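Given the sequences, and given the hints that come with them, work out the whole structure.
Heads up: the protein sequence lines correspond to chains A and B, in order.
The first sequence lines up with residues 1 to 238 when you count with the working numbering.
The second sequence lines up with residues 239 to 462 when you count with the working numbering.
If you're looking for bench data, these hints aren't it; they were derived computationally from the structure.
Predicted model only: the values in this text are computed from it and were never measured.
There may be inaccurate statements among the hints.
[Claimed, not checked] So the derived list for chain B, only partly shown, Cβ under 8 Å to chain A, looks like this:
hint, residue
1, Val405
2, Gln427
3, Leu458
The beta carbon of each residue, even a glycine, is placed where N, CA and C say it ideally should be.
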Amino acid sequence: MSSKSIAARPRFLTLLSTLSALLILAATWMVFFFAPREAVMGEVQRVFYFHVSTGWVGMVAFLSAAIAGIIYLIRPDKKWDVFAVAAVEIGLVYSFVNIVSGSIWARPTWNTWWTWDPRLVTASVMELTFLAYLLLRQSMEDPERRARFGAIYSILGSLTVPLTYMSIRIWRTIHPVVIGSGDPGAKGDFSMTQPMVTTLMFSLLAFTVFGVTLLWHRVRLGWLSERVEEFRLKSMEM
Amino acid sequence: MVPYLATVIAILRKDLAVEWRSRQLLAAMLIFTLLVILIFNFALELDARVRSEVSAGVLWATFAFAGTLGLNRSMAIEKEGKALDGLLLAPVDRSVIYLGKTLANLSFMLAVALFTLPIYSVLYNVDLLNGGFLLVLLLGSWGYSAIGTILSAMAIQARSRELLLPVLLFPLVIPVLVAAVRASSFFLQDLELIYIWPSLNLLIAYGLIIPAMGFMFFDLIVEE
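This is the structure we're talking about:
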């Protein structure tokens, strides 16, 4: 990346930011006015669209951090490290929204904010793993080693992602599996009508585009702070 | 293959010999274990009815805490006096060091368990001499040491060494602990094997995947 392209904000990024704002607004509108009211659970079921979308983007973000980690270990280049941190931070925020929105839905449906169900446990373990990732980075001074250890830890940590995804499909759980078939003991299961599917697909799209936009902004921020660091080192030499 | 194994055993023997000279770590781990059990006793009010259900959980939580002492120490002694540099200079594959260290950590955990189980058994009148339970102990400790050795080698190079290890370790070791607690509790309750297999499978899978990662990454972790 040349220095010019770093300093000035790319046109396309501004465009993408506007687009994601519009998409999120449209998705919100669809959730409230386009999707029908679910017969049994009522209005609170509308949380489902954002809950699934944020969960999806969170998992993809963690996985892409691990993939960036693999690439970094094969061919050490700072840009993969910057990408990995950006992806982890975005994954953390998305997964947190996912957990909180799930909790809001669980209160009326399961009659509790939280229960130690396999899905809830694996999701929170995933969140904690990547919080530990940030802590690990913070306590490493040497940037090259920080990147290397970060890559290794994100690869180890990414094992929690398939575990979280599969947890409602292999264990006995009360968490519903709306896409595909789940445990018959799940509480709050329902089958989607066509407008619901459309709304879900649209929110998935909106949150994915928003996630990519955030990722780009965060990667740029990472590059800029790298440059500040370089300048500081240079000025200290003088 | 034979020289490989011989080197692994040499590293294991070195660690055991160093520990045997001082017996500092084992003594600390053992006293710590007893204290944690004592604390659980008051925290959970382990009366006869409760203890049959929670024994497996109490024991595994105790081993997990005591294990971090051992893991921290096992890499710290290499860092002190630059012993690690000597190890790295040896013309052997780095995975040998990983495997040797993992086996040493496993031995410390099993040694602590060997002391603790009879004492726990007597104190709480729980029969722990159960083949299945001992198998789970072995599998669980193996998984724990395998991931712990990787992470302690990372934590030792950080600014906040001892502080960092538990934070890195516990999220990644939870699958082992969950599976081990379940499997041991089921074995202690004499449930049928069909209920225990899922947990055993998880333990076995973890015990294969994590060491494989250790083999791949250890070289990258210890290199200067």
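Interface hint status, valine 405(B) versus chain A (Cβ within 8 Å): 5 Å, holds
Under the criterion of a CB-CB separation shorter than 8 Å, is glutamine 427(B) in contact with chain A as hinted? 18 Å, violated
Leucine 458(B) as an interface hint toward chain A, with CB separation required under 8 Å: 6 Å, holds
Taken one by one, the earlier hints fail for this structure only at number 2.
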